[in-house]
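A.B. asks: Sequence:
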Amino acid sequence: MLTLTANDVRLGASADHWRDALAQAADDLRQAGRTTPDYLDGMLDREGQSSTVLGNGIAIPHGTPESRQAVTTTGIRILQFPDGITWHDEETVYVLVAIAAQSDEHLDILRHLTRVLDKPGLAEKLATATDASELVALLSREPVAARCDADTLCLNVDATAPTELAMVAAARLQRLNCVGPDFLAAISGHEPVDLGQGYWLVHHTIGARRPALALATPRRVTGSLRGVFCLAGPGDQCHELLERMDNFLANPEPIEGLSTEAVLARLSGEAADAVTARVTLLNTHGLHARPAKQLVQEARRFNASIRVRLQEGDGNAVSATSLTRIIGLGARRGQTLVLSATGEQAGAAIEALSRAITDGLGEKVLPLRSNDQPVQTEQPEPEPLVDDEPLKAVAASPGLALAPAFVLRQPMLEYPARASDSEAEIQRLNQAIDDADGQLRTLIRQAEGGEAAPILSVHVEMLQDEDLYQAALEAISNDGASAEAGWWQAIDTAARAQEALADRLLAERAADLRDVGRRVLANLCGVTMPSPPEHPFILVADDLGPSDVARLDTSRVRGLVTARGGATSHSAILARALGLPAVVGAGDRILSIAGETDLVVDGERGCLVPNPGAERRARIERRLAQLETLQARAHEQKDEPATTRDGHTLEVCANLGNTAHTPDAVARGADGVGLLRTEFIFMAHPQAPDLETQVQEYRHAFDALNGLPLVARTLDVGGDKPLDYWPLPPEDNPFLGLRGIRLSLTRPDILETQVRALLVAAGDRPLRIMFPMVKDLAEFRAAKAIVDRVREEVAAADVQVGVMIEVPSCALLAPSLAPEVDFFSIGTNDLTQYTLAIDRGHGQLSAESDGLHPAVLQLIRMTVEAAHAHNRWVGICGELASDPQAVPVLVGLDVDELSVTSRRVPLVKACIRGLTRAAAREQAALALSKATAAEVRDALEAF
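433 is the number that our numbering gives to position 393 of the sequence shown; each next residue is one higher, with no gaps.
The set of hints was computed from the structure by calculation and includes no laboratory data.
One should not assume that every hint holds.
To be verified - Across the chosen pairs, the derived CB separations fall in these ranges: (1) 290 x 132: 33 to 39 angstroms; (2) 428 x 403: 54 to 60 angstroms; (3) 324 x 654: 56 to 62 angstroms.
Stated by the list, open to error - Once the Cα atoms are required to be at most 20 angstroms apart in a straight line, the calculated DMTMM-like pairs of lysine to aspartate or glutamate come out as: (4) 432 x 582; (5) 333 x 129; (6) 970 x 981; (7) 333 x 686; (8) 815 x 743.
C-beta atoms are modelled at their ideal positions from N, C-alpha and C, and glycine is treated no differently.
Throw the hints in and build the complete structure from the sequences for me.
C.D. replies: Shown next, in the form of C-alpha cells:
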C-alpha cells in the first residue's frame, strides 16, 4: 500500500500556472525513478477528464490507466506550493500529492485523504508548514471517527428517571470502549439537561476516548421522558453527532415501537416520509473516485434532497451531491448503500440512483457469487494420528523429548445464560474475581524470579480492569445475564477486539485475556483443573495460557505441544525461558491422541511423532543421551572459546531484549551481545526517551560486558510494532511497510539521539551499530551519514557500523555494500520469511518457514563471500544460529559469529568445539545441493 513519508516531500515549490506545477510533479516522479518522461502526458490526459482537486488545498494528480506503462515503480511525490496555484477548475491548491501507480494503489491514498479534508484550517496549515514531517502529519492523521450506530442504542430499558437512562447509555459507551470509567463518574455527578419533547442530554469530555453518541429509551414512555442522549467527546469533535441529534429532534413523531434500523434512520436525518432504497455495491474497488463522481452527477440531476449511508457503517448519512463525503463513506464491494430522498422528484431520484449503482456507476461489475455468504457445514472429525509418522507443526522452543502424553482437556463449563437476582450474581462475580486474584498472587510467589512472574502480574492487572468489570455488570444488571454469562461476554468481546489487531504480537495476547477469563469462570462454576500424572510426561493441550505454563512442575514435564498458537505466543516464550522443548499449532488432530501414548517432541525441527517405532525410538534415545552428556559438558566449559577441533574460533554471543539481562548472558559464557533489541527502551516510555535516559540504559549493558563487544540494533518499530507517540497510517501489510531504518529515516532527530546515546555510553568500549531492514546501499549511506556526523562531536574509540541482512535484496547486493560496511549480521527469522514469502507466525504455513531452506542458505553464502572479500565479518542473529542441525552448516559457510539466546550459549559453543572445518564445509556443501528444507534436514540427519 502507498504511504506518505517525509522523504517524498518537497517544500517551498512555486509555479505560475497549474500546467507548470503538474510538470514539476511529473519531473519529481521521474527523478525519483518512478516514471518515464511520457507519464506527464498521462497526467495531463487525466486532468482533461476531470480535475484531480479534492478540496481544502489538496490535489492528487495521477495518470490514466493507459499511461501505466510509463510507471516503472509505484510511488508518490508531495509538492508544497505556499503561494498557492489556481487549478483549471478555479480551485486554489497548496499541495500536490503526485501518484505513479501500476494498478489501483492510489485508491487507498484517495480514501485516506478524503477523511482529512474536514480538518479546520487545513488549507492554511498546508500552505504554512515548514517541516516535511509536519506536512505528512497534516495529510496522514485521520480525525477520530465518531460513533453512533446500532450498538450505541439502548432501547426499551427498564428505567423511570433520566439519571438512570443516562447511566445506562454511559455504560454502553464504556462497554464499546468509547469512554473510560472516569466518564461514568463524571456523568453521575451531572443532572441531564432537558431538550424538550421528553428528551434529555448528558455530555462530558472526561474519559472520552472517541466522540460517541448513545441513546437510551425507557420501556414505559411518558410525556416528560422519552429518551436520554449521552454524548462523549470535546465539542469540536462532536459537530457531526450534534447534527444527528438535531436531525432526530426536528422530527416530532414518536419512536415507540420503531426498530433499531428505523431509529438509526431518524438519527441520520431520513425523514419519515422519505423515499428509501437499499442497494448492494458491486464495484470491485468499492466507491472510489470515478464511480463516486458518477453517483454525484446522477444525484444532481434531480430536484430532491438525497442522502446516502452505509448499512454496515456508523449510521452517518451524507449528501449524495458531495463527492468528498461519498468517497469518505469508504464503501466496499458487497456492502449495502441506504438511499433516502425527499422533495418533488424523490421517487424518480431513488429509482435512477438504484439502477445506476446496480449497473456499476460507469464500471463493469459482476454480481456477488452465491457462495459469498458463508455456508454452515458440519466439521468432520479430525483424522487420528498415525503411529511412528511425524506430524509437522511450528517449532516454538528447541530441544528433544520422549515421554507419555498427558492431554489437558479443558473441562466443560456449563452455566445458565440468565439469572433473576442481579445483586446475588454480582456478589458471586466479585467473590470469583477475588479468588482468582489470590490464586494468581500465589502463582506469582511460586514463580518469583522466573519469566512467568511478570506475565502473571499482567494477569492480575487484567483482573482489575474496570472496563471489563463494568461491561460484565452491565450485562448482569441490564440484560439479566448470569454472572458466568456476563463475565464471559465481557472477556470474549475484549479478546475478539484484541485478535482483530494488525500487530500479531498484540493479537496473540488475547490468549492471556481468555486465560484470565477462564480462571474466573472456573471459580464461578466450581470446577477445578485436571491434575497431571506423577511421572514425567509431555503436556498436550488445545492452547496454554501463561498461568498453565507457570504451574508446570519442570521436574516432570518434558515438553509441550499445543493445537493452536504461534511461535510468538506467551506459551512459546515461557517454554523457551524454561528450556522445555515445544511445538505449537499442531492442529486438532493432536487432541485425539490417547493419554499415556508415547510422544516424541522435536522443538528444533518443529515436529512430533506418536508411538515411535523401535528403530526411531532407539535413535531418539541415543540423541537424548548424547544431548544430556553434551549439556553437562557444555556448562562446565561455558567460559572456554568456541574453537573447532582443527583450531578455528567463532564468537558465540547473546541476543538480548533488555539490558538488564546482560549479566546473565556473560555468566553463561557469551562472548558479547550479538543483538541488543533497543526498541524495549522506546516501548517502555510514553514519549521518545531523551538522551540521558538512553545513555543510562546502554551503560548498564557496557558495564556488565566489561570490555566485550555490544551489537546494538537501532530502533526497529513500524506498523507491526507501533509506538503510541509515533502514529502511523494503517498499512495492509506492515511487515512490508514503513518500519526499521526506513521509518527511522523519516525522523532523523530520533535516530540521531539514539546514536549519540550509544556513542556516549560506549566511550572507549567496543560498540557495533547495526541498521535493520536495509534494502540497499542508499539507505545504509543515509543512516551512516547520521552516525558520521555525531561521531565528529562525540569521541568513541571502537565503533563499527553495519547492516542487518534480513531483506533478500540486501543479501543479493552484499557485494556493493561490503566495501562500505564494517560487518553484516544476518537476521535469519525475517530473511527466511521474506525469501520464502511465508509469515513465520502463520498457523498453517509457518512450519514450512525453515531457515535451512537452500534458498536462504545460498543468500547466507553470498553474503559471507562478499564480506570476506573485503575483510568484513559476518554474524547470524536469528533462531537458525541455535539450531543444532544448522550450526555445522553455518560454520561450514564460514560465518564468523553466532548470536543466540543466553540459555543456548553453552550448548552452541560445545557444538562448535565438536566440529572440524572440513566436516562442517562438507555438510554445508551437502545442504546447498538439496532442493528443499526437508531434503536438507534429512541429509544432515543421515550425515
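A.B. asks: So if I understand the rule, the pair passes when the alpha-carbon distance is 20 angstroms or less; does residue 815 with residue 743 pass?
C.D. replies: Violated: residue 815 and residue 743 sit about 33 angstroms apart, past 20 angstroms.
A.B. asks: Taken at face value, is the distance from the CA of residue 129 to the CA of residue 333 at most 20 angstroms?
C.D. replies: With Cα atoms ~15 angstroms apart, residue 333 and residue 129 stay inside 20 angstroms; holds.
A.B. asks: Given the proposed pairing of residue 970 with residue 981, does the C-alpha separation stay at or below 20 angstroms?
C.D. replies: Holds, at roughly 13 angstroms.
A.B. asks: Given the range 33 to 39 angstroms, decide if the beta-carbon distance of residue 290 to residue 132 lies inside it.
C.D. replies: The hinted range 33 to 39 angstroms holds for residue 290 and residue 132, with Cβ atoms some 35 angstroms apart.
A.B. asks: Should the hint that residue 324 and residue 654 are 56 to 62 angstroms apart at their CB atoms be regarded as holding?
C.D. replies: Hint holds: Cβ distance 59 angstroms, inside 56 to 62 angstroms.
A.B. asks: Residue 333 and residue 686: Cα distance at most 20 angstroms?
C.D. replies: violated, 75 angstroms
A.B. asks: Please verify whether residue 432 and residue 582 have alpha carbons no more than 20 angstroms apart.
C.D. replies: The given pair, whose Cα atoms are some 16 angstroms apart, holds under the 20 angstroms limit.
A.B. asks: Given the hint of 54 to 60 angstroms, is the C-beta distance from residue 428 to residue 403 inside that range or not?
C.D. replies: holds, 58 angstroms
Hint compliance for this structure: hints 7 and 8 are not met, and every other hint is.
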